[in-house]
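Asker: Listed below are the residues making up each chain.
4 protein chains.
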Amino acid sequence: MELILTLQCKDQPGIVNAVTSAILKCNGNITENQQFTDPQSQIFVMRTRFETDETETTCHQILARDLTRFDSALTLRGADRKKKALVLVTKEDHCLRELLYLHDLGELPIEIPAVMSNHDDLRAVAEGHEIRFDSFPDLGKSEQEILISAAIEKYEIDFVILARYMQILSQEFCESMAGNIINIHHSFLPGFKGAKPYHQAHARGVKIIGATAHFVTGDLDEGPIIEQDVAPVNHSKGPDALVAIGRDIERRVLAKAVQLFAEDRIFLVGNRTIIFS
Amino acid sequence: MELILTLQCKDQPGIVNAVTSAILKCNGNITENQQFTDPQSQIFVMRTRFETDETETTCHQILARDLTRFDSALTLRGADRKKKALVLVTKEDHCLRELLYLHDLGELPIEIPAVMSNHDDLRAVAEGHEIRFDSFPDLGKSEQEILISAAIEKYEIDFVILARYMQILSQEFCESMAGNIINIHHSFLPGFKGAKPYHQAHARGVKIIGATAHFVTGDLDEGPIIEQDVAPVNHSKGPDALVAIGRDIERRVLAKAVQLFAEDRIFLVGNRTIIFS
Amino acid sequence: MELILTLQCKDQPGIVNAVTSAILKCNGNITENQQFTDPQSQIFVMRTRFETDETETTCHQILARDLTRFDSALTLRGADRKKKALVLVTKEDHCLRELLYLHDLGELPIEIPAVMSNHDDLRAVAEGHEIRFDSFPDLGKSEQEILISAAIEKYEIDFVILARYMQILSQEFCESMAGNIINIHHSFLPGFKGAKPYHQAHARGVKIIGATAHFVTGDLDEGPIIEQDVAPVNHSKGPDALVAIGRDIERRVLAKAVQLFAEDRIFLVGNRTIIFS
Amino acid sequence: MELILTLQCKDQPGIVNAVTSAILKCNGNITENQQFTDPQSQIFVMRTRFETDETETTCHQILARDLTRFDSALTLRGADRKKKALVLVTKEDHCLRELLYLHDLGELPIEIPAVMSNHDDLRAVAEGHEIRFDSFPDLGKSEQEILISAAIEKYEIDFVILARYMQILSQEFCESMAGNIINIHHSFLPGFKGAKPYHQAHARGVKIIGATAHFVTGDLDEGPIIEQDVAPVNHSKGPDALVAIGRDIERRVLAKAVQLFAEDRIFLVGNRTIIFS
Chain A
104 MELILTLQCK DQPGIVNAVT SAILKCNGNI TENQQFTDPQ SQIFVMRTRF ETDETETTCH
164 QILARDLTRF DSALTLRGAD RKKKALVLVT KEDHCLRELL YLHDLGELPI EIPAVMSNHD
224 DLRAVAEGHE IRFDSFPDLG KSEQEILISA AIEKYEIDFV ILARYMQILS QEFCESMAGN
284 IINIHHSFLP GFKGAKPYHQ AHARGVKIIG ATAHFVTGDL DEGPIIEQDV APVNHSKGPD
344 ALVAIGRDIE RRVLAKAVQL FAEDRIFLVG NRTIIFS
Chain B
104 MELILTLQCK DQPGIVNAVT SAILKCNGNI TENQQFTDPQ SQIFVMRTRF ETDETETTCH
164 QILARDLTRF DSALTLRGAD RKKKALVLVT KEDHCLRELL YLHDLGELPI EIPAVMSNHD
224 DLRAVAEGHE IRFDSFPDLG KSEQEILISA AIEKYEIDFV ILARYMQILS QEFCESMAGN
284 IINIHHSFLP GFKGAKPYHQ AHARGVKIIG ATAHFVTGDL DEGPIIEQDV APVNHSKGPD
344 ALVAIGRDIE RRVLAKAVQL FAEDRIFLVG NRTIIFS
Chain C
104 MELILTLQCK DQPGIVNAVT SAILKCNGNI TENQQFTDPQ SQIFVMRTRF ETDETETTCH
164 QILARDLTRF DSALTLRGAD RKKKALVLVT KEDHCLRELL YLHDLGELPI EIPAVMSNHD
224 DLRAVAEGHE IRFDSFPDLG KSEQEILISA AIEKYEIDFV ILARYMQILS QEFCESMAGN
284 IINIHHSFLP GFKGAKPYHQ AHARGVKIIG ATAHFVTGDL DEGPIIEQDV APVNHSKGPD
344 ALVAIGRDIE RRVLAKAVQL FAEDRIFLVG NRTIIFS
Chain D
104 MELILTLQCK DQPGIVNAVT SAILKCNGNI TENQQFTDPQ SQIFVMRTRF ETDETETTCH
164 QILARDLTRF DSALTLRGAD RKKKALVLVT KEDHCLRELL YLHDLGELPI EIPAVMSNHD
224 DLRAVAEGHE IRFDSFPDLG KSEQEILISA AIEKYEIDFV ILARYMQILS QEFCESMAGN
284 IINIHHSFLP GFKGAKPYHQ AHARGVKIIG ATAHFVTGDL DEGPIIEQDV APVNHSKGPD
344 ALVAIGRDIE RRVLAKAVQL FAEDRIFLVG NRTIIFS
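Protein chains in written order, with our numbering: chain A, 104 to 380; chain B, 104 to 380; chain C, 104 to 380; chain D, 104 to 380.
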């Protein structure tokens, strides 16, 4: 059996030694290990994968007891226990299709108990992949969030993927799922504020466009960045072509971010992520 | 002898035919040709390289006469007549070194009659490459521009390269050299306004940083974009490391933009560039 | 109505002038034009898109007549008349899924009358997208090619896409469709010959893997290159992970090559392609 | 004081625990740590940077004693003690210039006691950067290697950089410096054997060219890969342009590989590298 341990705490002497000692007590053999101390915040983060014949419960008891003095955020998870994602969508299908495609291929180690939407447009896409689809086209925002929260509870959802979900979530909802909501957003060098960003980008003749996957905080497009990628463009691409290229980058970047999250590779330190890729 | 023709005008039927007919009258053989009609502005641009035994003067007369009805901006230049660049620098040397290095290698088809600076720090770099270096550390901004303008006249400068020149040029100066001043600037996804951008980028944990070469308009960092490039970064890079990576991108992007300009490959249409790379 | 003209011939004076004169006679207005003379072979290629109120037949007559003296390969096609592709697959689905996904999105301007396969595995994928699927699992190679050739005739196929088709086509078949069969193949720096290339690449610790889309000649993996792309990898990726990353590159590169072909942007000059992207 | 520890051995339980325990005995505080177990070879590698008030000698004694049972290859080095590189060149200057440029900037943490060459061409480049230049244009290969070996001893050289050194080193020399000679080589997808590779690449119309930095084994271009990068090209680039682009990639890739080596980030496992970047 393989377990994935993550740990985050104030940096202090002896942490790694204590972790590895505790894993030895679990009869564990470390197969992967990454750690990093952030020089700015002096926060220490660590991700360790180890094999053991002990149960997850036993290991958790040993680790929690031996590491208690470090006052750390500790997680332990069986490597084959997949995280459960709730995917929220509106009308655009490119991100949803990419997630379902990679999920079908077995390259995205998550479970998707349901797709939910404030529109009915993507029902056929979800159901074509045999994923449950719930829509709430006629509800107000707060009623929508009640349904979403109920689904999170019912399906024991670990994280929410905003796969081009065009509703702004309430501050309360964001806080209740803090660090567990992933959004995808177009990005440009330089950035463009306001409406029709691809038209603005075109008007300045940008040569590179991109996309950013990030955690959602109150401010929809300003949370900690998880993953980014770009593509070169040129003058022959009108605003519509830029939008199409943007779609292509968005779906790849979102899928990559989901994969990192699914494998416990992302740590949040203040407004930054530390990623063991 | 090879000539490079550029032409820009309102799109209208018969332009290409008129140009190619005129080149035939010059006994010219087209070796390279690119043209583009911008769908937004209906501006037509064209770059044609052709061989001929006629003189540049003869060809210019034929072309100007035959194309007069299109009310076009027309340029004609011997392919081996290098454009003359005035390079302005302050204290950072990475862009200047890159330009001089590529110039020495013969990969940057420009002449550099002089490097000018508001500081004396980079004298050795320029003179080590046997390029004249003039500094004006003690002068006020308007006096500096008088010297720069005098040098532009004296050396018959075609364009100005701001190779990390940390002075803001006056509106008047920018307008007098409109479309002929190239600047280099760091860029991020998303953009960051204000001081210490690399620190801001670090604080959000950006995963990609970049640089933008652009023409200078009144607003120093907002002119039409010529060239952009990016590099991936991660959490292990502190602000200083980001600055170092940024320097590396800046020098490559600036050199590329200068090369495009030197070869008459850039057309300005409104606030956008059309680039035949 | 918009027409796309392509032309390829020995370089000689007056071609562009003759083309643009002929387009004027068609009352055509050029909206896009690219041309290139290959210095090695002295072959001239040109792609021109123009609007006209004349019929395609009328335009073709005018162009064919006026350009006959250049002894050129000339094509003319309505921009909205989609090319018809026959997709051949075996068992791997990643390339087929990508093509069908982009086709559904409207981003791949082709028609796909049928998918054919030497296995039955991908029937559900094709039919799920409402594309006809014909398989021939029990036939010998020459009988397979008879069926494929019959389908090419029946559906008026313009080109064949080998979307991970693991059969070697006969020399005769390749020649009968020369320049109209596109294949996708993994690629490495440096290249690796023989079986299990991803394992070989892993054994040398390669840091970049890629894929190449190319035209098929007799030699399956050696035809003229259309499109290539790469992705960075590192030591943490075992052979299986390399294979997964390779799949991701392959599907993107193949889709890009198909798009270039669908838009008449590829010219074959000897064993090289000239691509107006 | 900061120390960098590297360790490589057969994977076995308790290594990390033993290392971190020993570092605690050194009153060390770990600031950076990376480790990896290669699943194929079951080789464990680790790089740890730690602060301590103890001397390097004391720390080395503690670590060597406590880790002796793991039969590991152990190195310990003060983080500010720069490795000494001997740079070998022939006539091409692009790689040498890049190394000296980054060295001047302080971005390449190495010392360069000397540049040596079988030609005299690059004397001015080296001496312009105040680096000693020794040439041996008239000597046979074995006499050259005697001089090189003498310089390695005299200057206490840690590693050799072949910055476009066009001589094949003897098997004996390569073995005497095994794992400590870095070479740079052009690379293509697919690979091309034999003379004039850029011409071959051009003849197949490759769309991406690259470079590979690798350790030198007996076979000059086949050692373990350290770093690779690529650049897109198109049909408009003739063989000479490809060579120029290749030069640009080569200098960046070589500099990156040297930097990784200088910071003890490269581990050799069989014919592969594990790199903690």
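Treat the hints as calculated values from the structure; they're not laboratory data.
Quick caveat, the model's predicted, so the values are computed rather than measured.
Don't take each hint at face value.
Since the list gives no way to pick out one identical chain from another, each pair is judged satisfied if it fits inside one copy or across any two copies.
What the hints assert, rightly or not - DSSO-like cross-link-like pairs, simulated, lysine-lysine; straight-line CA separation at most 30 Å: (1) Lys340 / Lys257; (2) Lys244 / Lys128; (3) Lys340 / Lys186; (4) Lys113 / Lys244; (5) Lys187 / Lys296; (6) Lys359 / Lys296; (7) Lys296 / Lys257; (8) Lys187 / Lys299; (9) Lys257 / Lys128; (10) Lys186 / Lys359; (11) Lys187 / Lys340; (12) Lys186 / Lys244; (13) Lys186 / Lys257; (14) Lys187 / Lys257; (15) Lys128 / Lys296; (16) Lys194 / Lys113; (17) Lys185 / Lys340; (18) Lys128 / Lys194; (19) Lys113 / Lys257; (20) Lys113 / Lys340; (21) Lys296 / Lys186; (22) Lys113 / Lys299; (23) Lys186 / Lys299; (24) Lys299 / Lys128; (25) Lys359 / Lys128; (26) Lys257 / Lys299.
Asker: Hint by hint, say whether it matches the structure.
Answerer: Results for each hint:
In this assembly of identical chains, Lys340 and Lys257 lie within 30 Å of each other by CA distance neither inside one copy nor across copies; the values are 46 Å within and 36 Å between. Taking the closest pair of Cα atoms, Lys244 and Lys128 never come within 30 Å of each other, the shortest separation being 50 Å inside a single copy and 59 Å across copies. Within a single copy, Lys340 and Lys186 get their C-alpha atoms only as close as 39 Å, which misses the 30 Å cut-off; across copies the closest is 22 Å, which meets it. For the homomeric pair Lys113 and Lys244, neither the shortest alpha-carbon distance inside one copy (39 Å) nor that between copies (50 Å) is at most 30 Å.
For the homomeric pair Lys187 and Lys296, neither the shortest alpha-carbon distance inside one copy (34 Å) nor that between copies (38 Å) is at most 30 Å. Taking the shortest alpha-carbon separations for Lys359 and Lys296, both the intra-copy value of 25 Å and the inter-copy value of 28 Å come in at or below 30 Å. Taking identical chains as interchangeable, the C-alpha atoms of Lys296 and Lys257 are never at most 30 Å apart, the minima being 38 Å within one chain and 43 Å between chains. Taking the shortest Cα distances, Lys187 and Lys299 never come within 30 Å of each other, neither inside one copy (34 Å) nor across copies (35 Å).
Taking the closest pair of Cα atoms, Lys257 and Lys128 never come within 30 Å of each other, the shortest separation being 36 Å inside a single copy and 51 Å across copies. In this assembly of identical chains, the alpha carbons of Lys186 and Lys359 lie at most 30 Å apart only when taken from the same copy (15 Å versus 33 Å across copies). Taking identical chains as interchangeable, the C-alpha atoms of Lys187 and Lys340 lie at most 30 Å apart only when they sit on different chains, with a minimum of 25 Å there against 39 Å within one chain. Within a single copy, Lys186 and Lys244 get their C-alpha atoms as close as 27 Å, which meets the 30 Å cut-off; across copies the closest is 46 Å, which misses it.
In this assembly of identical chains, Lys186 and Lys257 lie within 30 Å of each other by CA distance solely inside one copy; the values are 14 Å within and 49 Å between copies. Taking CA atoms no more than 30 Å apart as the test, Lys187 paired with Lys257 passes inside one copy only; the shortest distance there is 11 Å, against 48 Å between copies. Taking the shortest Cα distances, Lys128 and Lys296 never come within 30 Å of each other, neither inside one copy (54 Å) nor across copies (47 Å). In this homomeric assembly, Lys194 and Lys113 never come within 30 Å of each other (Cα to Cα): the closest approach is 43 Å inside a single copy and 39 Å across copies.
Proximity of Lys185 and Lys340 under a CA criterion of 30 Å is satisfied inter-copy only: 20 Å between copies versus 41 Å inside one chain copy. When the C-alpha separation of Lys128 and Lys194 is checked against a cutoff of 30 Å, the pair qualifies neither within a copy, at 52 Å, nor between copies, at 46 Å. Taking CA atoms no more than 30 Å apart as the test, Lys113 paired with Lys257 passes in neither setting, with 35 Å inside one copy and 47 Å between copies. Proximity of Lys113 to Lys340 under the C-alpha cut-off of 30 Å is restricted to the inter-copy arrangement: shortest distance 20 Å between copies versus 49 Å within a copy.
With identical chains, the CA atoms of Lys296 and Lys186 are never at most 30 Å apart, being 34 Å at best within one copy and 37 Å at best between copies. Taking the closest pair of Cα atoms, Lys113 and Lys299 come within 30 Å of each other only across two copies (27 Å); inside a single copy the shortest separation is 43 Å, beyond that limit. Taking the shortest alpha-carbon separations for Lys186 and Lys299, neither the intra-copy value of 35 Å nor the inter-copy value of 33 Å comes in at or below 30 Å. Proximity of Lys299 to Lys128 under the C-alpha cut-off of 30 Å is found in neither arrangement, the shortest distances being 58 Å within a copy and 40 Å between copies.
In this assembly of identical chains, Lys359 and Lys128 lie within 30 Å of each other by CA distance neither inside one copy nor across copies; the values are 35 Å within and 41 Å between. Within a single copy, Lys257 and Lys299 get their C-alpha atoms no closer than 38 Å, and across copies no closer than 45 Å, so neither meets the 30 Å cut-off.
Checked against the numbered hints given earlier, this structure breaks hints 1, 2, 4, 5, 7, 8, 9, 15, 16, 18, 19, 21, 23, 24, 25 and 26; the rest are met.
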